[in-house]
Each structure stands twice: as structure tokens, then as C-alpha cells.
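The chain contents come next:
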Amino acid sequence: MNKFNLGTLKMFLVAGVVMLGAPDAFSEEVVCFESRKGASEVTKKDISEGWPNVKCSPKTGAVLWWGDPFDGTQPMGEMPIEADYLKGEAVVKPRTGKLALYAICGVACHNGTFPVKNDDRNPRTLIMHQDVVPDAMNLQHGRGGIWCLDCHHSDKRNKLVDNFGNEISFDQSQKLCGKCHGPVYRDWRDGIHGKRIGEWASDGKKRWFVCTECHNPHDVQQGERNRGFAQLHPEPAPILPKGIYNKDHEQHHGSGANKEDAVESGDH
Amino acid sequence: MSDTKIPLVDITTRATHENNSVSEWRPADDDVNVDKPSSPSRRKFIKKSAGVTTASLIGTAALVTGSDNVQANTSWAEHFQGNYRLMSDEEKAEAIDRLEKRYSLEYEKEVTVDGTDAQEGVLFGYALNIQKCIGCRRCVKACVEENNQSRGDEQEIEWIRVLKMEKGEFTQEKLNDGYPGDYGIQVGGNAYSAAGVVLEGEHYYEPEAVPEGDSHYMPIACMQCEKPPCVKVCPVRTTYREPDGPVVIDYNWCIGCRMCIGACPYWARRFNWGEPQLPKEEMNPKTHYLGNRPRMKGVVEKCTFCIQRIRHGRYPACVEVCPVGARKFGNLLDPNSEVRRVLDRKRVFRLKAEANTYPKFFYFVD
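Line order of the protein sequences matches chains A and B.
If you read the first sequence in this note's numbering, its first letter stands for residue 2, the second for the next number, and so on.
If you read the second sequence in this note's numbering, its first letter stands for residue 228, the second for the next number, and so on.
No lab work stands behind these hints: they were computed from the structure.
Fair warning: this is a prediction, and the values are worked out from it, not measured in the lab.
Hints should not be assumed to be uniformly reliable.
Distance ranges between label pairs, derived from CB positions [stated by the list, open to error]:
{"#": "1", "chain 1": "A", "residue 1": "N139", "chain 2": "B", "residue 2": "E337", "range": "45 to 55 Å"}
{"#": "2", "chain 1": "B", "residue 1": "L332", "chain 2": "A", "residue 2": "I245", "range": "34 to 44 Å"}
{"#": "3", "chain 1": "B", "residue 1": "D324", "chain 2": "A", "residue 2": "D204", "range": "26 to 36 Å"}
One side only, chain A facing chain B, incomplete, derived with CB under 10 Å [stated by the list, open to error]:
{"#": "4", "residue": "V32"}
{"#": "5", "residue": "S36"}
{"#": "6", "residue": "K56"}
{"#": "7", "residue": "D72"}
{"#": "8", "residue": "G73"}
{"#": "9", "residue": "R96"}
{"#": "10", "residue": "C215"}
{"#": "11", "residue": "N217"}
{"#": "12", "residue": "E236"}
{"#": "13", "residue": "P237"}
{"#": "14", "residue": "P239"}
{"#": "15", "residue": "N247"}
{"#": "16", "residue": "Q252"}
Straight-line C-alpha distance at most 20 Å; calculated SDA-like pairs for lysine to any residue [unchecked claim]:
{"#": "17", "chain 1": "B", "residue 1": "K573", "chain 2": "A", "residue 2": "G183"}
{"#": "18", "chain 1": "B", "residue 1": "K573", "chain 2": "A", "residue 2": "D188"}
{"#": "19", "chain 1": "B", "residue 1": "K513", "chain 2": "A", "residue 2": "D188"}
{"#": "20", "chain 1": "B", "residue 1": "K336", "chain 2": "B", "residue 2": "G348"}
{"#": "21", "chain 1": "A", "residue 1": "K248", "chain 2": "B", "residue 2": "E433"}
{"#": "22", "chain 1": "B", "residue 1": "K459", "chain 2": "B", "residue 2": "I488"}
The beta-carbon is built from N, C-alpha and C at its ideal position, and this holds for glycine as well.
In isolation and in its complexed conformation, chain A is listed as follows (with noise of 0.2 Å):
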């Protein structure tokens, strides 16, 4: 009780400082992502003075820099497949904590006998779960040849699902998307595909970026733009020159799109 006081006198006062018009109390509060929007976050402290866990770009919110690129990490665990890196230093930051539902969704609605089993396999239009994921009618993924039942558990809706039915946690969707995805997951075990922060050396300690860290499972198809990766804001220009007012001398360089209007009014 005495916890539930505090926090609502805690909001007051944020929605006092808030309507007081002073936007310095929100600055302690900045909560930026850090590969794509929609994945994993991280709000920003300081862990020493002067030393923020992160910078964050002011225009679009992403994570520039780590001041600790093991913050809130936990080590990735056993890997299907030998890869060359030292156990314990390969890390990865949990999704499972971030799920809303997660805690209560294999207990509460899938329970293993509720809702009865259904042993169709047969991908098939279902209209459920649009709550949780608001694009789920809309299957980005697979191009019709796969649906829910490929990638989530059938009984055990907290879980993913392997091959040969294993389930597979939610923090290491690598074991999933790796069935299907052979040579990227080849590179990416071996650091050439995806991202990882921390030490350079090959023996060294490192944060892997999982797959749903930068991909949209349920949208990695793009519609029409066919990508596996989505587009994002970029971060600002740099500044022109002095004395140069407007970006129209590099319009007309090589092979650009006006390159007959540069012909024509005499410019290289």
C-alpha cells in the first residue's frame, strides 16, 4: 500500500513538473532503442559522472553509443551448432522480460489443454491474436508458405518451436530463424552477418544482436519493397559549407538523375 502511494505521489509530481512547462524532468527519463523500433530499449543513466550508459540521437531517439555494452546482458547459452566463441563471453540482452503478456500467456490462455489442440497443420487464415501483434492477419513472412504454427509453440504459446518440436526460448529466436535460414545464420554465428558490440578480439567478450533485434519476424518481407531490413529515419545532414546556401551543386554530378538538365544549362 505504502508502495502504490508513493508511486502515484511520484506521478503527480512528474505530471506537476510536466504542466509546470519544464521539460528537464524528462530528460532524466529518456528511453531510446537500440537496433530497430519495436525491439529492445534502453533508458538512459548515468554510471559514473559524466559517463552515460548511452547517447541517443536527438532527431530520431536511436542509440549512438554504448558506454556499456553489457548493460542488462545475460550470457547467450548452449548454440545448436560449434561456433568458435568462448562461453559466457558471448551475451545477449533477454526479450522475455519486455513481453507484456509473456508471464502470464502460457499459463492463463494456454494452459496445454486449453485451447483444445488442433493437430491441421495446414497454413490457414486464423483471425486471433491482433491484440498482441497488430499486423498478424497481414503475414510478412514466408510468402504464404509458413504461418503462426512454424515459428510458435503449438501448446506452449511463451515458447517457440524447432524442427523436431523442442521449444525454444524467446531470448534466442537464432535457433529458430537458423532453420531455415542456413547461411546467414552461418555468417552471423561466425560475426559476418548482424551486429555485435563489445571486444574486437575473437576471443573477446561480446554483446550478439539476435535476429529480431533488427528483423521484423512478422514483417521482414517489406510488402512491395521485398527487403528483409525496413526503412528507418537517417540522422541529419551535415551542415553546408559557408557561403554555400543550398544543396543543388551536387544534383547534377555523374550519373544522377539530372544529368540532362546539366548538359543543358552548360554544368559538368
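With chain A fixed as given, assemble chain B onto it according to the hints.
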């Protein structure tokens, strides 16, 4: 203080190398920030060089008599320090200590200046997946966060440039166009209608979202050449290649002649035309003498692969921030490193390989 032991003759010759040594002199008890003078032009300085001897003598006198003003003292000693590469270990330690004191005062936090040397058996290499780059410029901004470049409207310095380029047109008609005809190297296209891609692009693209349909993106920074043209032309030998690969600059010994900028085929070097604008709260306090320590007006700077990070095992800032994982970094002498795996498995090229600079920065495609 070891500087007092330097023979006077030596001081005068050094002073001619120094950038603003005469104009920056202030009486030792002056409270004016000596690092932000209104410095006269080079020409004016050369005219004044007749007065160097006298000024140096006065300066030395100030050093000998000593002063409580830390900033004044450190700056004086800084001006008369030698080329970093030729300093003894003690001199290096002193130089670093001076800088730490000065920066800590100036930026009002504890600033460390690192002097860690290259590690045995390490040669740094970099690989960039040109096919993956989406032109989001996060690397550019991460670099600025890490490396204490000047920022803001007055003077903005970024070490990485990202060019937006059109996708090449290797159409049949164009391939038969133009110079040099039936024999020799078929370049395709001509000056007004090029086939393929020429190394020109847009710096200032600003769409709502990247990547844009028919564009690809080319990030360029220092290539850390094995045979760096910039090092060849430096008249005071303040820029040189470290044993583990990065080409570095001793900012204190730089005279600001900008020969290296002209020599670099990769447009990788930047010049501080004005006083660098670095807000105290944004300053990164973990610095390296040859890397991201705050620079002064009139010196050249460039990418060092984040020498302050890589000498302690950490990835460069741009590698960590890349949202598509296009940037790979590691030890070229370690067959298990990420960069070696890229060289083994992928198709690799080096920018302007014909310049015989032997870059340690590789572009690759899947």
C-alpha cells in the same frame, strides 16, 4: 619541469614550428584562458617571427619563475614539447599529465588522456558491407559522440562521410558508347552519359526514410593506408602510421599547413578552421593522446579507428552503432577474426586501389 632544461637555441627553432606560440603567450599571472586566443593569421605570424627569440626568452623566464596558474603553465610547456614520436617515456608521461590537468579544468570533469602503445601481433583491419549500408548516418553521429569533434552551426566536423549514389546503368547501348572504342579498356558511356557509377555522390540527401529505392550508399572515412600519401607529404612529420595500423596525428606538433588534406585520395582529413566547439557536457572524457583528445584551432584531424577504444579491446564506435551490421572490425593477423572471415568468404575491394595506398579498410558484398 624538464622543459626548463631545453637549451634556448633549441626552443627558438621549435617555436618556428609551433602554430601560435608567439601570439598565445600571456603573462603567467594572467587569468585569460590561453587556449582560446584570438590568433593572428599565419602571414602575420611569419612577419613577427623576428621577435620569436625574445618572446621565447620571456616565456622561458615565465617557466623558470613558475606560476600558480596551471593553465598558463601547462600551455607553455605544451608549446615547447617535442614531436610525440621522438619523446622519451618520461616526456610522454609529462605531456599526458599536462593535458589531463588542462582538459579537466576546461571541461570541468575528470578527463583521462591515454598513451597506450600498439600491442604486439595486432594489425587492425576494417570491412564494410557496401551492399547492406542504408545511409542512415548513425555511424557519422556515433563517431562525433565518441571522438570530441567540433559541432554546432559555427563549425561542424564529421570524420565519416556517407555518399548517396545512383545505381549504375550498364545498359547495352551505353556500353558501346564512348571512349576508347574497339581496343583498350572499355569504360562505357562518356562524360555526359556515364555507364556504371563514378565516384561522385550526394552528401546532403535528407529523405524521410532510408534506404531510398534506387540508391546505394558509400561511407568513406580514413582508410588507414599502409602507404599513406598524407604521411609522405607532412613537412613536420606529425602524422605517421602506428605499428598496429592506424595513421595518427600529434595535434600539438601539427602546423596546420593542410598538405595532408590535399594528398589524401579519400577526402578523409578535416581541418579546424575555427576554435572547436565542444560543449562540456557532451565531451567524452576517455581520450587518447593520438586520438580523440580535444583539438585546437588550426590542426588537422581524422579517423583513428577509435584508437582510445581499440587499444583497450573495444570495437570502434561506428562498428557498434551500425543498425544493419555492415561494419566489421578486427585483427588482420588473427585468422579467426571477423575481418579475416570477410576476406576469406566475401567479394572484397579496396577504394582507389590503383593509388597504391594499400588501405586497411575493405569494402565487400555478400
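Comparing the hints with the structure gives:
The hint said 45 to 55 Å for the Cβ distance between N139/A and E337/B, and at roughly 53 Å that hint holds. Checked against the given bound of 34 to 44 Å, the beta carbons of L332/B and I245/A, roughly 37 Å apart, stay inside it. Checked against the hint of 26 to 36 Å, the pair D324/B and D204/A passes, with Cβ atoms roughly 34 Å apart. Of the supplied interface hints, the one on V32/A is violated, with its beta-carbon coming no nearer than about 17 Å to a beta-carbon of chain B, more than 10 Å.
The interface hint given for S36/A holds, since its Cβ lies 5 Å from the closest Cβ of chain B, which is under the 10 Å cut-off. Evaluation of the K56/A hint against chain B yields a held restraint, the C-beta minimum of about 5 Å falling below 10 Å. The restraint placing D72/A at the interface with chain B is violated, with a minimum CB-CB distance near 13 Å, outside the 10 Å limit. Checking G73/A against chain B: minimum C-beta separation of about 15 Å lies over 10 Å; hint violated.
With 10 Å as the threshold, the beta carbon of R96/A stays out of range of chain B, its nearest partner Cβ sitting at about 17 Å, so the hint is violated. Given the 10 Å rule on beta carbons, the hint for C215/A holds: about 7 Å separates it from the nearest Cβ of chain B. This hint is violated: N217/A has a C-beta 13 Å from the nearest C-beta of chain B, more than the 10 Å allowed. Interface hint status for E236/A: upheld, as the beta-carbon distance to the closest one in chain B is roughly 4 Å, under 10 Å.
Because the beta carbon of P237/A sits about 7 Å from the nearest beta carbon in chain B, less than 10 Å, this interface hint is met. Annotation: P239/A was flagged as interfacial toward chain B, and the flag holds, the nearest CB pair being 6 Å apart, inside 10 Å. Checking N247/A against chain B: minimum C-beta separation of about 9 Å stays under 10 Å; hint holds. Here the hint on Q252/A is kept, as its CB sits about 7 Å from the closest CB of chain B, short of 10 Å.
Note on K573/B and G183/A: the hinted pairing holds, with a Cα-Cα distance of about 16 Å set against a maximum of 20 Å. Distance restraint check for K573/B and D188/A: the Cα-Cα separation of roughly 11 Å lies within the 20 Å cut-off, and the hinted pair is therefore satisfied. Of the pairs offered as hints, the one joining K513/B and D188/A is violated, with about 33 Å between alpha carbons and a cut-off of 20 Å exceeded. Among the hinted pairs, K336/B with G348/B is inconsistent with the structure: their alpha-carbon atoms are about 35 Å apart, more than 20 Å.
Distance restraint check for K248/A and E433/B: the Cα-Cα separation of roughly 10 Å lies within the 20 Å cut-off, and the hinted pair is therefore satisfied. Proximity of K459/B to I488/B is assessed by CA-CA distance (about 12 Å); at most 20 Å being required, the pair is judged to hold.
Hint check: violations occur at hints 4, 7, 8, 9, 11, 19 and 20; the rest are consistent with the structure.
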